[in-house]
Every structure is written in structure tokens, then in C-alpha cells.
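Engineer: Chain by chain, the residues run as shown.
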Amino acid sequence: MALVAAVPAAQSCGYHDPANLSQGMLNWAYPDSLHVRTAVWMAQRDGVLANGEASSGPDAQDPQALLRQMAQLRQTAANLGTLQKRIVSALDGRETPSFSVVLIGPMLWTRFHVVDGSLAMAVHADGPAVEDVILVTDAPVIASLAAGQLGPAEARRRGLLRAYGRPQDVERVEGAFDRIASLQAAGVSADEHPR
Amino acid sequence: MSARSPLRRNLMAALMGSLLLTSFQVLAQDAGAPDKAKLDKAHPSKPSYSPYAGRSFPTRPYFGDTHLHTGFSMDAGAFGARLAPRDAYRFARGEEITSNSGQPVRLSRPLDFLVVADHSDGMGFFPQLMSGDPELLATPQGRKWYDAIKGGKGAEAAIDIIVSFGKGQMPKGFPMPGTAAYRNAWMETIKAAEAYNDPGRFTAFIGFEWTSNTGGNNLHRNVIFRGNGTQAALVEPYTTLPPLGSDNPVDLWKYMAATQDKTGSEVLAIAHNGNLSNGRMFPMVEAFGKKIDRDYAQTRARWEPLYEMTQTKGTGEAHPFLSPNDELADFELWDRANLDGTVPKTKDMLEFEYARSALKNGMVLEARLGTNPYKFGMIGSSDAHTGLTAMEEDNFFGKTAPQEPSPERMTKAFFDNPKTGVRIMDWEVGASGYAAVWATDNTREAIFDAMKRRETYATTGSRMAVRFFGGWDFATNDAHNRLPAQIGYSKGVPMGGDLSAAPNGKAPTFLVAALKDPIGANLDRIQVIKGWVDKDGKTQERVYDVAWSGDRKPGRDGKLPAVGTTVDVANATWTNTIGAPELIAVWKDPQFDAGQRALYYVRVLEIPTPRWTAYDAKRFGIKALPETRMTIQERAYTSPIWYTP
Numbered sequence: 003m004a005l006v007a008a009v010p011a012a013q014s015c016g017y018h019d020p021a022n023l024s025q026g027m028l029n030w031a032y033p034d035s036l037h038v039r040t041a042v043w044m045a046q047r048d049g050v051l052a053n054g055e056a057s058s059g060p061d062a063q064d065p066q067a068l069l070r071q072m073a074q075l076r077q078t079a080a081n082l083g084t085l086q087k088r089i090v091s092a093l094d095g096r097e098t099p100s101f102s103v104v105l106i107g108p109m110l111w112t113r114f115h116v117v118d119g120s121l122a123m124a125v126h127a128d129g130p131a132v133e134d135v136i137l138v139t140d141a142p143v144i145a146s147l148a149a150g151q152l153g154p155a156e157a158r159r160r161g162l163l164r165a166y167g168r169p170q171d172v173e174r175v176e177g178a179f180d181r182i183a184s185l186q187a188a189g190v191s192a193d194e195h196p197r
Numbered sequence: 130m131s132a133r134s135p136l137r138r139n140l141m142a143a144l145m146g147s148l149l150l151t152s153f154q155v156l157a158q159d160a161g162a163p164d165k166a167k168l169d170k171a172h173p174s175k176p177s178y179s180p181y182a183g184r185s186f187p188t189r190p191y192f193g194d195t196h197l198h199t200g201f202s203m204d205a206g207a208f209g210a211r212l213a214p215r216d217a218y219r220f221a222r223g224e225e226i227t228s229n230s231g232q233p234v235r236l237s238r239p240l241d242f243l244v245v246a247d248h249s250d251g252m253g254f255f256p257q258l259m260s261g262d263p264e265l266l267a268t269p270q271g272r273k274w275y276d277a278i279k280g281g282k283g284a285e286a287a288i289d290i291i292v293s294f295g296k297g298q299m300p301k302g303f304p305m306p307g308t309a310a311y312r313n314a315w316m317e318t319i320k321a322a323e324a325y326n327d328p329g330r331f332t333a334f335i336g337f338e339w340t341s342n343t344g345g346n347n348l349h350r351n352v353i354f355r356g357n358g359t360q361a362a363l364v365e366p367y368t369t370l371p372p373l374g375s376d377n378p379v380d381l382w383k384y385m386a387a388t389q390d391k392t393g394s395e396v397l398a399i400a401h402n403g404n405l406s407n408g409r410m411f412p413m414v415e416a417f418g419k420k421i422d423r424d425y426a427q428t429r430a431r432w433e434p435l436y437e438m439t440q441t442k443g444t445g446e447a448h449p450f451l452s453p454n455d456e457l458a459d460f461e462l463w464d465r466a467n468l469d470g471t472v473p474k475t476k477d478m479l480e481f482e483y484a485r486s487a488l489k490n491g492m493v494l495e496a497r498l499g500t501n502p503y504k505f506g507m508i509g510s511s512d513a514h515t516g517l518t519a520m521e522e523d524n525f526f527g528k529t530a531p532q533e534p535s536p537e538r539m540t541k542a543f544f545d546n547p548k549t550g551v552r553i554m555d556w557e558v559g560a561s562g563y564a565a566v567w568a569t570d571n572t573r574e575a576i577f578d579a580m581k582r583r584e585t586y587a588t589t590g591s592r593m594a595v596r597f598f599g600g601w602d603f604a605t606n607d608a609h610n611r612l613p614a615q616i617g618y619s620k621g622v623p624m625g626g627d628l629s630a631a632p633n634g635k636a637p638t639f640l641v642a643a644l645k646d647p648i649g650a651n652l653d654r655i656q657v658i659k660g661w662v663d664k665d666g667k668t669q670e671r672v673y674d675v676a677w678s679g680d681r682k683p684g685r686d687g688k689l690p691a692v693g694t695t696v697d698v699a700n701a702t703w704t705n706t707i708g709a710p711e712l713i714a715v716w717k718d719p720q721f722d723a724g725q726r727a728l729y730y731v732r733v734l735e736i737p738t739p740r741w742t743a744y745d746a747k748r749f750g751i752k753a754l755p756e757t758r759m760t761i762q763e764r765a766y767t768s769p770i771w772y773t774p
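These protein sequences, in sequence, are chains A and B. Each residue of the first sequence is one higher than the last, beginning at 3 in the numbering used here. Each residue of the second sequence is one higher than the last, beginning at 130 in the numbering used here.
Calculated directly from the structure, the hints in this document are not laboratory data. Where is the CB? At the ideal position from N, CA and C, for every residue including glycine. Worth double-checking, as some hints may not be accurate.
Said to hold, decoys possible - Here are some chain B residues pointing at chain A (derived, C-beta under 10 Å):
no., residue
1, 213
2, 215
3, 219
4, 258
5, 278
6, 283
7, 284
8, 286
9, 531
10, 544
11, 545
Said to hold, decoys possible - Partial list, derived from the structure: chain B residues whose beta carbon lies under 8 Å from chain A:
no., residue
12, 211
13, 229
14, 231
15, 232
16, 280
17, 281
18, 535
Stated by the list, open to error - Computed footprint of chain B on chain A, listed as stretches where at least three residues anywhere in the stretch have a Cβ under 8 Å from a Cβ of chain B:
no., region
19, 22-29
20, 33-44
21, 76-87
22, 123-136
Can you make the complete structure from the sequences, with help from the hints?
Structural biologist: Right, here's the structure in full:
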């Protein structure tokens with residue numbers, strides 16, 4: 003088979019599944035990032051993550067799929083927002099390197115970057131900035147992290163959350179995530195933590 | 130014993146006496162040169178106690194894959210395959226490795242040989258680009274792609290790469306023959322094969338895939354070297370883009386001739402997926418604007434002794450439209466369009482796409498041109514783009530990296546062209562197949578030589594052992610012998626061979642035998658498929674059931690009832706409580722005409738077993754789409770034996 007070599011006519015070719023190509027390219031840019039997909043279904047199988055709908059792109063011939071995906075996107079954005087608040091709270095004024103989260107199922111990029119001393123979030127970003135730490139994960143993991151059902155360390159241990167970047171930056175970003183778990187363990191919610 | 134001992138003297142006298150006597154007799158009778166047949170008869174050699182001592186014929190089939198892609202292939206890489214040729218060989222040898230998607234994977238048992246056949250066009254591109262190759266990144270195009278992929282725009286970059294490649298607008302440093310990058314990729318391919326080639330245990334062939342696909346019509350060939358790395362390193366693979374390459378198979382054959390001359394290594398090419406060629410794989414009239422003539426026939430026959438007739442993108446033995454009386458022809462078909470789905474299939478194309486019709490048409494061309502261009506043997510292989518030749522139904526790791534096991538793979542589209550409406554679902558991808566080769570040893574030379582003489586058969590993933598011999602004197606009792614090969618080779622020719630000059634009044638007889646895969650399913654039946662050219666020059670075919678399990682009786686229509694099934698789809702299990710572990714028969718052609726060209730090949734069917742989709746449904750706890758095939762009858766197809774008047 004020649005999926006690429008086969009297609010001088012380019013766009014007319016049916017092999018161009020953008021989600022698959024995006025994931026494939028991601029696996030080269032961030033080696034073994036495809037492993038996250040497997041880690042997710044294994045965690046779902048083992049009951050560590052909730053079994054949700056597939057987070058991959060919509061079926062082009064199923065109009066209902068688009069509606070489902072839109073609902074998924076809204077929910078995921080809400081979960082990311084919750085996570086953002088928790089991270090801000092956990093940072094407690096400390097700085098963190100900017101980072102981008104890519105959800106490997108829908109290939110959704112979200113940037114977290116410091117603006118005026120605060121951690122801003124941009125869902126559906128074009129991609130990461132050059133110096134960003136990259137976190138590869140998927141929507142069910144974000145949901146579980148946001149809900150406090152899964153700790154970041156456990157997510158990393160299970161391969162559900164993989165980080166790429168300069169080691170010192172990765173360490174700081176992971177530290178911020180870990181602090182969320184510490185605060186949760188101490189019973190401090192994002193809303194009540196002193197600023 | 131001393132030289133003067135009485136015993137020694139007596140021995141010498143006896144020897145001298147016999148020599149003198151012999152000389153005298155020869156001189157006295159003037160008998161001339163001895164006749165070997167008479168001498169053999171007069172002095173029969175005593176067989177050794179061991180019936181296996183002194184055997185020189187192949188005694189076991191070697192199973193392998195002649196068509197596997199790794200991350201070195203542009204398309205495989207684009208979909209995220211990062212396993213490299215070395216990983217592919219390690220896996221085929223039986224090692225457990227980690228798949229592209231992070232899953233531990235291992236074969237049920239090692240394979241015997243493997244050809245890593247990465248696409249020659251752009252070989253090694255993604256490893257080169259993403260390792261930050263300075264030459265490539267020094268170009269605006271290369272830099273743009275690299276940054277886009279790193280920056281989350283991988284799909285856009287991949288499509289831009291595809292478009293640029295299609296237009297022949299690749300940047301400096303892109304791996305093309307003659308560049309350092311291309312040489313690096315080819316040398317790593319060679320080194321990987323050299324590192325894992327272990328004569329007697331595992332054969333790692335050197336090869337590549339030449340990917341002619343003009344207009345989306347598949348004319349691909351895998352090229353395999355008989356020789357070693359030193360020889361293969363004297364050349365670089367042939368590509369399709371001019372001016373260095375060509376999409377015309379005739380030019381590939383010229384390259385092969387030149388390669389053989391330059392390297393001293395024999396090479397052969399194996400075509401595949403005629404079903405996606407839209408009527409161009411086995412032409413009868415013209416190809417690339419040139420009439421099919423004797424030169425075309427001779428050249429194709431010389432370089433292409435085999436055809437890969439089953440793989441992940443469909444099985445191409447026969448088609449129900451062409452073989453309406455063959456109720457088993459409708460098997461794992463991909464018959465909707467050409468390779469990229471840009472041109473839907475029409476029925477008039479089918480005759481020039483399938484192995485059976487090509488084999489029959491080849492005899493017509495032979496009568497016309499003096500050479501049969503389609504005198505090929507059968508093999509199967511995977512065409513997997515994962516680096517993993519994992520073609521067992523219960524261990525299927527898909528065709529591409531996104532198709533490695535996951536709860537979603539059964540319900541997604543593998544291929545979808547909204548413009549033409551051609552759509553193929555992932556569940557339609559087959560866990561097929563392997564090549565079986567009756568070679569004398571597990572070495573490059575022995576396996577290659579067996580391929581050249583077509584002593585091969587295709588399987589859809591099973592490792593059943595199949596023997597097939599043709600001759601004039603096989604008798605019913607030969608089927609009762611426990612050493613069928615001994616009789617087969619002594620009284621006939623094996624699969625891939627030729628019969629000619631039928632003795633007066635005799636019809637060809639065939640000895641067929643099959644043993645189940647040791648860890649697989651029992652056998653349903655053995656069939657002989659006959660194709661011939663009738664007195665009017667038209668091709669004909671007929672399928673004969675020649676051995677089957679149980680006490681089934683053919684019906685009034687001559688058809689054998691189905692073997693039944695033990696498959697529990699919900700649990701993806703089956704039992705060997707039906708079928709037979711082995712089948713053997715001697716069959717004589719009941720409708721033989723000594724004046725007509727004919728060919729015979731064997732199809733062996735297993736009892737039904739769960740298809741990979743059933744294993745997925747069970748293991749992931751998911752529901753298959755309504756039309757999904759959940760069971761399969763694995764099969765083997767031997768190379769034909771041809772009869773020429």
C-alpha cells in the first residue's frame with residue numbers, strides 16, 4: 003500500500019484522515035505520545051477512568067456525531083477550566099513555565115501561559131509555543147484530574163500524562179500539577195485557598 | 130597387520146584377481162558405456178534404515194512475510210509508525226516488543242523469514258526530518274514542515290508533504306536515490322537485515338517496495354535480493370518519480386536486470402493488490418500504451434515468478450462475478466475502487482485483477498506469444514505499515530499505527546472518499562497473510578530459489594502444511610502413505626511445476642495433502658481448481674472438492690455441504706470438534722483433454738473460526754457494526770501446476 007506515495011491528486015484522496023495524520027505526526031514530534039491512547043483505553047478497561055464516548059473526531063457520514071463532539075468539546079473545555087483554577091490555586095503566586103496540553107483523541111490543543119502574573123488558558127489553540135512544555139493526554143484523563151479522582155502522579159505512572167520539554171521546565175510544570183493533588187489531599191479546594 | 134601377513138597376501142590376491150577378471154570380461158565383451166538405469170537395476174542401492182536419510186527435497190514449509198513496512202516508509206511514518214527495520218526483524222524472530230501505540234506484542238511463534246519492504250520513494254523521510262537533519266532543515270520547505278509538526282500542525286504538514294511529493298516539489302535533502310539521506314536509509318535497511326539474518330534459523334531478506342500508482346491504480350511490486358548486504362549496497366532502490374524512476378513496470382524490470390548484472394545478486398519482484406489496479410495488473414492487450422508482446426511476456430515471466438494474492442487489503446484469488454459457480458470466491462474482497470478511491474470499480478475491470486483469471490489468461494497469451502507472462506506462484510504477505518507482521522486473527526495489530534488494537538478500530542473508516550462515495554471500514558481490513566515456501570533450508574539462497582521455482586503457497590494467516598504434486602501415475606494407494614512427499618517427488622512435480630506431453634490415454638493425477646496448523650483449526654476440505662483453455666481458445670474453470678472431513682456427501686448439484694461451525698462469536702472461541710486434522714487424496718482429472726492447456730492449484734479451507742473482529746468485540750466489550758464479518762474460514766492457496774500439450 004502507498005498511503006502517501008499514492009496521492010498525487012492530494013486532497014481527493016480518502017486516506018487523509020486529519021486526526022490520524024495529526025496523531026501520527028505527534029508521535030514523531032513527541033516520541034511515544036501515541037502510547038497515551040493505549041494507556042487511556044487500558045485505564046478505562048481497568049476502571050481507573052470512566053468509560054466515555056470515543057474522543058476521536060466525528061464520523062463524516064454521521065450528522066449526530068458532530069453534535070456529540072460539540073457536547074464533548076464543551077465538557078472538556080469546562081474540565082480544562084476547572085484544572086486551570088486548581089493550578090492557579092496550587093501555584094499560589096509562584097510562576098510556572100507556559101505549557102500546552104494536547105488531547106490526543108480529538109487532537110485539541112490548549113495553551114496555559116502567564117499573562118500579567120496570572121495563568122491564562124486558551125482552549126482550541128493552534129498549537130504550542132516554541133518553549134512550551136508539552137503535556138500529551140486525553141479528555142477522560144482531564145475529566146478525572148479535574149474531578150480529583152485521579153492524581154497527576156498516578157496519571158503519569160499509568161502513561162496517561164506524558165510531558166515533553168526541557169527537564170527543568172517539565173519538573174516545574176509537573177510540580178504544579180502535583181501540588182493540586184497535595185491541596186486536595188489536605189482538603190483545600192481551589193475556591194477557598196488564600197490568594 | 131604386516132605387509133607380509135598371510136591375510137594381507139590373500140586379500141591382495143583376491144582383489145587383483147577380481148580386477149583382472151573384470152578387465153578381461155570388459156575387453157572380451159566390448160559392452161560399451163554402462164547404462165545407468167541398467168546398473169541401478171542390477172545393483173539396487175540398499176535403503177538405509179532411516180527413511181529420512183539422504184533426502185534432498187524440501188521437508189518443511191517455511192513461513193514468512195515478504196511485504197512489511199516500517200517507519201522508514203513515508204505513509205507508515207505519516208500515521209505514526211516509528212518502529213524501524215531492526216524492530217521488525219526482532220519481532221518476526223519471536224521477540225516481544227512494544228508496538229507503536231505502546232502495547233506489548235509478540236507472535237504466537239516465530240516466523241522463519243521476513244522482507245522489510247519499505248517504499249523506495251522517500252525512504253527514511255520522517256526519521257530524517259524529525260531527527261532535525263541539517264540539510265533538510267536548511268531549506269524553507271523542510272524547516273516549515275519541521276516547525277509545523279512540532280507546533281501542533283502535523284496534519285497540515287503531512288498533507289503539504291503529500292501534495293509536494295505528488296508534484297515532485299521536494300526540497301533539497303529529501304531522500305532520493307543519490308542523496309546522502311537516501312543512502313543512509315538504504316544502508317540502515319541493509320544493515321538491519323544483515324544483523325538479523327541467521328542462516329538455518331531465520332532469514333532476513335533485503336528488499337524494498339516499488340510503488341507505481343499513477344491515477345491511483347495500484348501496480349506495486351516488492352523487490353527482493355537473493356544476495357547479501359555487500360551486493361545490495363552496490364545499488365539503490367528503484368523509485369517511481371522521473372527522471373530517476375518510472376511508474377512503468379517495464380522500467381522496473383530493466384532496473385532489475387541492471388541490478389543483477391552489477392551486484393551479482395539475483396532479484397525478483399512480487400506484484401500485489403491487482404484488486405486495486407482497476408483492471409491494469411494483468412493486461413491482455415496493452416500496458417502503458419504499448420502492446421503486450423512476446424518481449425513483455427518473457428520479461429515479466431522472468432522477473433515475476435510469484436504473486437501476492439492475499440494481504441490486509443483483500444484477498445485476490447477469485448471474484449464471484451468472474452466465478453459465479455464458486456461459492457467460496459466471495460472471501461475478504463476489496464472490490465470497490467482503485468487504491469486511492471478516486472475511480473470506482475466497474476465489472477469489466479475484474480478479469481484483469483484477480484489471480485485465477487490472470488492464470489487462465491496467461492495460458493491464452495502463451496498460445497499467442499509463446500510465453501506465459503502470468504505463470505506465477507502464490508504467496509500471501511501482510512503489507513502491514515506498523516513494523517509488525519502480526520497477522521493472526523487473535524493477535525492482529527492492524528495495517529497502520531492508528532489501527533493497532535483499541536476499542537475504536539472496529540468502527541472507524543479506514544478509507545473514505547466523499548467525492549466518489551468509496552468507503553472502506555477498518556473492520557474490512559484483513560488479518561492476512563503469510564507466505565509458505567518449500568525450501569531445503571532456512572537461508573536466503575534456499576528460500577529465494579524455492580520462490581523462483583514457485584514451490585510456494587499463500588495462507589491467510591494460518592500455518593497449515595500443504596503438499597501438492599502432479600504426475601501421470603499417482604494411484605489411490607499413494608494417499609495412504611505416511612510420507613507423501615517421498616512419493617510426490619519421485620512420481621511427479623511439486624506445486625509450481627510443469628507437466629507436458631501427456632502419455633497416450635492418460636489424464637494427470639495429483640497427490641494433495643494438508644496438515645492443520647499445529648495450534649490452529651481443523652481442516653474443512655481440499656479443493657483443486659482447474660483452469661483451462663478450450664478448443665475455441667476460451668478460458669474455463671472448475672472447482673473440485675477432492676478431500677473433506679466427516680461423512681458429508683456432495684448434493685445433486687455436486688456441491689459439498691458446509692462443514693458447520695463451532696464458533697461462539699460472543700466469546701470469540703471455537704473447538705476442533707468438527708473438521709479433520711489432516712486430509713490427503715489422490716485426484717485424477719475427469720475431464721482432461723490432452724490437446725488443451727490447463728493449470729491446477731489447490732485451495733485448502735479450515736473450519737470457521739473467530740475473525741479478528743470477534744476477538745476485538747470480546748476483548749473490548751464493544752458491539753460491532755451490523756455488517757461486520759465476525760467469522761472466517763482461513764485458507765491456503767498453492768502455486769499451480771501447469772499442463773502444456
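Engineer: Hint by hint, say whether it matches the structure.
Structural biologist: How the hints compare with the structure:
1. 213: 12 Å, violated
2. 215: 16 Å, violated
3. 219: For residue 219/B, the interface hint is violated, since the closest Cβ of chain A sits about 17 Å away, which is over 10 Å.
4. 258: Nearest chain A Cβ about 8 Å off; hint holds.
5. 278: 5 Å, holds
6. 283: 2 Å, holds
7. 284: This hint holds: residue 284/B lies near chain A, its Cβ roughly 4 Å from the closest one there, short of 10 Å.
8. 286: Holds, because the Cβ-Cβ distance from residue 286/B to chain A comes to roughly 6 Å (cut-off 10 Å).
9. 531: 4 Å, holds
10. 544: Since the shortest Cβ distance to chain A is 5 Å, the answer is holds.
11. 545: 5 Å, holds
12. 211: Holds, about 6 Å.
13. 229: The hint holds - residue 229/B has a Cβ within 8 Å of chain A, the shortest such distance being about 6 Å.
14. 231: Status holds, d = 3 Å.
15. 232: Residue 232/B check passes; min Cβ-Cβ to chain A is 5 Å, inside 8 Å.
16. 280: 4 Å, holds
17. 281: 2 Å, holds
18. 535: With a closest approach of 5 Å, the residue 535/B hint holds.
19. 22-29: Result for this restraint: holds, n = 8.
20. 33-44: holds (count 9)
21. 76-87: Violated - the region 76-87 of chain A has 0 residues with a Cβ nearer than 8 Å to chain B, which falls short of three.
22. 123-136: Coverage by chain B holds for the region 123-136 of chain A (5 residues, Cβ < 8 Å).
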